[in-house]
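Residue numbers (this note's numbering), protein chains in the order written: chain A, 110 to 254; chain B, 2 to 84.
FYI, nobody ran anything at the bench for these hints, they're computed from the structure. Predicted model only: the values in this text are computed from it and were never measured. Yeah, the Cβ is synthetic: ideal placement off N, Cα and C, and Gly gets one too. Check each hint, because a few of them may be wrong.
[Unchecked claim] Here are the in silico distance ranges between beta carbons for each label pair:
id : chain 1 : residue 1 : chain 2 : residue 2 : range
1  : A       : K115      : B       : V27       : 50 to 56 Å
2  : A       : E196      : B       : L71       : 32 to 38 Å
3  : A       : L122      : B       : V27       : 37 to 43 Å
4  : B       : D5        : A       : D202      : 27 to 33 Å
5  : A       : T111      : B       : K44       : 42 to 48 Å
6  : B       : G62       : A       : C241      : 26 to 32 Å
7  : B       : L9        : A       : T111      : 36 to 42 Å
8  : B       : W6        : A       : V199      : 21 to 27 Å
9  : B       : I76       : A       : L116      : 47 to 53 Å
10 : A       : K114      : B       : T21       : 55 to 61 Å
Here is how the chains run, residue by residue.
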Amino acid sequence: MTAQKKLDHVLLLAVVGLAAWAVPGAGHLLIKERLRAAIIFVTITATFVTGLYVGSIGVIDPVGAKPWYMAQMLTSPAVGLLGHVTETAVTADGQQRYVSYGRCSDVGQIYTSVAGLLNLLCILSAVYMAYCGRGEMIGEEEHDG
Amino acid sequence: MTADWGILARAFVDPIHIPTDPTSVVWMFPLLLAIAIVYKATKMRVLFPLKFIKEVAVLFGTVSAFMVFLGAALIFLVKLITE
Numbered sequence: 110m111t112a113q114k115k116l117d118h119v120l121l122l123a124v125v126g127l128a129a130w131a132v133p134g135a136g137h138l139l140i141k142e143r144l145r146a147a148i149i150f151v152t153i154t155a156t157f158v159t160g161l162y163v164g165s166i167g168v169i170d171p172v173g174a175k176p177w178y179m180a181q182m183l184t185s186p187a188v189g190l191l192g193h194v195t196e197t198a199v200t201a202d203g204q205q206r207y208v209s210y211g212r213c214s215d216v217g218q219i220y221t222s223v224a225g226l227l228n229l230l231c232i233l234s235a236v237y238m239a240y241c242g243r244g245e246m247i248g249e250e251e252h253d254g
Numbered sequence: 002m003t004a005d006w007g008i009l010a011r012a013f014v015d016p017i018h019i020p021t022d023p024t025s026v027v028w029m030f031p032l033l034l035a036i037a038i039v040y041k042a043t044k045m046r047v048l049f050p051l052k053f054i055k056e057v058a059v060l061f062g063t064v065s066a067f068m069v070f071l072g073a074a075l076i077f078l079v080k081l082i083t084e
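Bound-form chain B, shown alone (with noise of 0.2 Å):
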């Protein structure tokens, strides 16, 4: 049991290893679920659980939307600019 709870703390010890390329930009889609989730639950009067889950989707889906576009619009920018 021991044991159990220092493996535990351990990986709150050392950090975990995420490359520096494009692929740790996955990393901005559970913020910004968790972004959603929040808001919707702050911002709707009354919570019925089925009309939160479909406006939690909603929003994350616009919201992850945009920062592809918002994504791709700047490589190209970048693109445009250097080549």
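Isolated chain A, as found in the complex (with noise of 0.2 Å):
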């Protein structure tokens, strides 16, 4: 392998991995595996929806819940953005507007967790199989099929 295609290479996998961190699925979309990414963004989105609605948004907590919030950070870089609002709305008397309390916290922020862990999943995997080749075999034998 050349050094300009051992970079390009590394470049690929650089952009399969960002690209499956900012959407569930869309690693594996780039390496053509439509059928795959479609199952892991329908999934993941539905697991992380079902959790906020559960929750509320509150149970993205920058602050009070650090280790939850690195988990459910990985699903996306926009629940980063989610976590920005919670952390900065605050009523006038200065308590926070966004809060979630007891079981129905519990589950949000597990389910919320859980997505952005199986994202994590999705990404290896994503990547791997980018390092693999898979996009140029699979891929075209997944979509003949």
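Starting from two chains that each stand alone, build the complex the way the hints lay out.
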């Protein structure tokens, strides 16, 4: 492999990894694994949205629940925007506007964090598939089949 | 139309009520299904729809059965210790 090809390959891996982080399933889409990408996108998005619905956006708490927030951030960088909203939105008396307590908070936090961890698995899977050259081999087979 | 978006946005601002009782563990099952789907989507070399659904169902059933068994075993253990 020439130096230029090696650099292109590393760039491809970086782009696939970043795309997979930005939008769940986008990494697989880039390497032509369309069905896999659709399944991953729908499942991870549904899990994350269910978590938000159950516990409200208050479950994204960059200050009081940092470890959970780190896992949630793996779903997409867009979670950072939600974190910024929950962090900065305060009521007139200085209290946080979006808060969540109790069982619904637990369930919401677990759902959103597991969605992030599942996306980490998908990021690694997409990068590994790109590393093995899957976009050139199996992607075509899948499309043809 | 704006009111629709307002209702939709409101759904993500107010948490829903989940009682603190044993029925709340039912929330585990959709999560197990999501884990089974994503795991199999990344693990299977080539995705054949029917085979994929079958493998997801088997994994979901296995993990669910194990979780139920583990829950029952822990309840039994707690009863054994406390009673």
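Violated hints - listed by number, lowest first:
5, 7 and 9
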